[in-house]
Amino acid sequence: MSAEESSLVKIALVSCGSEYAGVQPEFEEAAAKVNAKFIYPEIDVAFVDTIGRDFGLEVASGDLRLMMARAKAVVEGITNADGVFITTCFRCAEGAIVRNEVRRYIHEHSNIPVISYSFTESTSAGTLLTRLEALTTIVRRRHLLTREIQTGLTAGIDSGSTTTKAVIMRDNKIIGKGWVPTTKVLESAEEAYSIALKEAGVSREEIQALGTTGYGRFLIGNSFKAQLIQEEITVNSKGAVYLADKQKGNATVIDIGGMDNKAISVQDGIPGMFTMGGICAGASGRFFEMIAKRLGVDITELGDLAVKGMHENVSMNSYCIVFGTQSLVNSLAKGATPEDVAAAACYSVVEQIYEQQLQEVDVKEPLILVGGSSLIAGVPKALGELLKIDVLVPENSHLIGAVGAALLVSGFVEE
Amino acid sequence: MVKVFIYPINSLILADLVERFGHKPLTMMSQIREKVTSLSLDSPPINITPEDPKLGLKYAAIEVPAGVRGRMALIGPLIEQTEAAIIVENPPTDFGCVGCNRTNELTKYLIRSKGVPVLEVKYPDSDEEARDFVNKIAAFLESLPKEKTETEEKAKEEESAEKEDKE
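The listed protein sequences correspond, in order, to chains Z and V.
As numbered in this note's numbering, the first sequence has no gaps in its residue numbers, which increase by one up to the final residue, 415.
As numbered in this note's numbering, the second sequence has no gaps in its residue numbers, which increase by one up to the final residue, 582.
Possibly wrong hints are sitting among the right ones.
[Said to hold, decoys possible] With a straight-line Cα cutoff of 16 Å, these simulated EDC-like cross-link-like pairs (lysine to aspartate or glutamate) come out:
(1) V:Lys529 x V:Glu495
(2) V:Lys450 x Z:Glu19
(3) V:Lys469 x Z:Glu108
[Unchecked claim] Examples of chain Z residues toward chain V, derived with CB under 8 Å:
(4) Glu19
(5) Ala21
(6) Gly62
(7) Leu66
(8) Arg91
(9) Tyr105
(10) Glu121
(11) Cys320
Everything labelled a hint here was simulated from the structure, so no lab data went into it.
Every residue, glycine too, gets a C-beta built ideally from N, C-alpha and C.
Kindly generate the complete structure, drawing on both the sequences and the hints.
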């Protein structure tokens with residue numbers, strides 16, 4: 001790790017009073033784990049009374065006005081910060097408005113990376129870690145994130161909760177792919193990597209740099225001596241805009257994984273606001289696996305089935321993987337077609353993502369859908385219908401993490 | 416002596432006025448002081464732990480944001496002790512502010528519905544209004560009963576008993 005990469009990152013905490021929710025120690029703990037430190041931009045108290053008019057957003061809460069004043073202090077360079085973490089109470093409408101607008105303001109008026117989050121008293125350091133890891137990565141590795149072309153011969157391994165993916169890339173082209181179910185993390189990575197290497201026709205020794213991401217990134221990264229071990233928010237943002245050829249400007253990335261989902265607002269390939277679940281198994285790839293099994297079709301056939309069905313013909317009383325499945329089974333008993341049931345399953349998943357994850361993320365076009373579930377044709381169709389926008393599913397959308405890692409790590413080849 | 420709740424609850428000016436008239440102001444400062452000086456596990460910067468928003472459930476339901484309930488864990492016990500209250504509307508930040516308007520709304524509601532004497536005054540915009548503002552508060556504080564507390568009565572009794580012994 002270079003001196004720049006190991007240096008302390010100063011993060012301005014722009015919050016409505018997280019200290020009153022009892023979560024401040026969790027914030028501090030998460031920051032310490034990524035070698036970052038929170039700082040509190042100093043402002044004149046009189047600004048709190050006038051900032052609403054200056055900023056153009058007049059709100060009643062003093063601490064929300066304090067947030068605007070602090071954001072201004074960061075943007076104007078009165079406070080020297082490397083990144084900004086904006087956070088307000090979960091379920092506060094006034095807080096959500098200010099959080100979004102302050103984030104937008106900082107993004108539009110500075111190059112300082114910014115991440116936002118809404119907390120409860122149960123927010124843990126673990127929950128915050130990926131977010132702060134992503135924020136400090138943007139600060140420390142901005143030069144890597146600006147990379148738009150893969151160079152040399154590199155590999156990426158994405159150790160996901162359900163599947164492990166590996167790709168080999170040479171001179172901006174994917175030349176080998178491996179995709180296996182995740183059983184034992186290391187063994188699955190070994191298998192996926194071997195398949196990709198074989199398809200590419202290259203040996204392990206020839207690979208100039210390896211990047212890892214996903215849940216098992218540290219384990220496989222350390223074991224395979226990877227040059228880059230990176231969380232999936234940064235990698236997937238980069239991988240998605242690269243695969244979709246939308247590297248400049250705004251984009252929204254939705255990644256429906258085997259067990260959790262991510263919704264990421266991206267600008268110039270760099271992640272801004274994002275939400276990540278585990279919200280519920282009923283909104284994950286696992287739900288599709290269960291429905292496919294119940295319908296007696298292979299998961300790869302579920303999408304084509306769904307495209308032919310009408311979700312409106314099936315009434316689902318619950319998003320739950322247990323009770324939702326029960327609703328679908330009841331519909332079949334009442335005479336609904338498997339096509340309608342498959343369509344309803346796809347609609348149920350995207351509706352949950354809309355209700356629980358997209359509420360905190362700006363949905364700006366293009367909307368790029370990635371992850372294994374994006375291959376189920378009914379999913380992008382349902383998402384497009386729900387959001388009334390065209391959904392882009394790039395080729396190799398299921399390999400996004402591995403491609404992102406191979407692309408980013410090519411920066412180490414030249415170094 | 417009456418326990419007087421003040422709004423804004425961290426207003427030094429209001430707290431001082433209440434004390435000058437021989438009453439006890441109920442303030443956020445005293446609550447924070449107790450938090451940071453009593454022995455407990457450290458939870459910087461003001462020793463509020465995730466347990467506090469749970470204590471706040473006494474005043475606001477679970478769907479109310481954690482920051483409101485955490486603040487109510489400090490303010491709620493003061494509301495329970497309140498015997499009279501002064502509410503200043505539209506104060507500037509440097510007069511006092513707890514930062515969260517949802518907390519302010521709930522606090523004022525709980526005070527108003529308590530059935531104790533409440534003075535509601537608007538923050539002054541001119542010198543004349545300022546004089547009127549202070550006069551109204553002074554008149555309100557004057558109107559509150561000034562009887563001594565039991566402790567004070569007891570101390571006084573002890574003092575006079577000592578005097579008698581000496582004589």
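Status of the hints after comparison with the structure:
A hinted pair counts as satisfied when its Cα atoms are at most 16 Å apart, and V:Lys529 with V:Glu495 qualifies at roughly 9 Å. The suggested pairing of V:Lys450 with Z:Glu19 holds, with an alpha-carbon distance near 13 Å, which does not exceed 16 Å. At most 16 Å may separate the alpha-carbon atoms for a hinted pair to count; V:Lys469 and Z:Glu108 exceed this at roughly 38 Å. Taking 8 Å as the C-beta contact cut-off toward chain V, the hint placing Z:Glu19 at the interface holds, the least distance being around 6 Å.
The criterion of a C-beta within 8 Å of any C-beta in chain V is met by Z:Ala21, whose closest approach is roughly 4 Å, and the hint holds. A cut of 8 Å between beta carbons decides the hint on Z:Gly62: the least distance to chain V is about 4 Å, and the hint holds. The interface hint given for Z:Leu66 is met, as the beta carbon of that residue sits about 7 Å from the closest beta carbon of chain V, less than 8 Å. Annotation: Z:Arg91 was flagged as interfacial toward chain V, and the flag holds, the nearest CB pair being 5 Å apart, inside 8 Å.
Taking 8 Å as the C-beta contact cut-off toward chain V, the hint placing Z:Tyr105 at the interface is violated, the least distance being around 20 Å. Interface restraint check for Z:Glu121: the shortest CB-CB distance to chain V comes to about 4 Å, inside 8 Å, so the restraint holds. At its closest, the beta carbon of Z:Cys320 sits 21 Å from a beta carbon of chain V; the interface hint therefore is violated under the 8 Å criterion.
The structure shown violates the earlier hints numbered 3, 9, 11.
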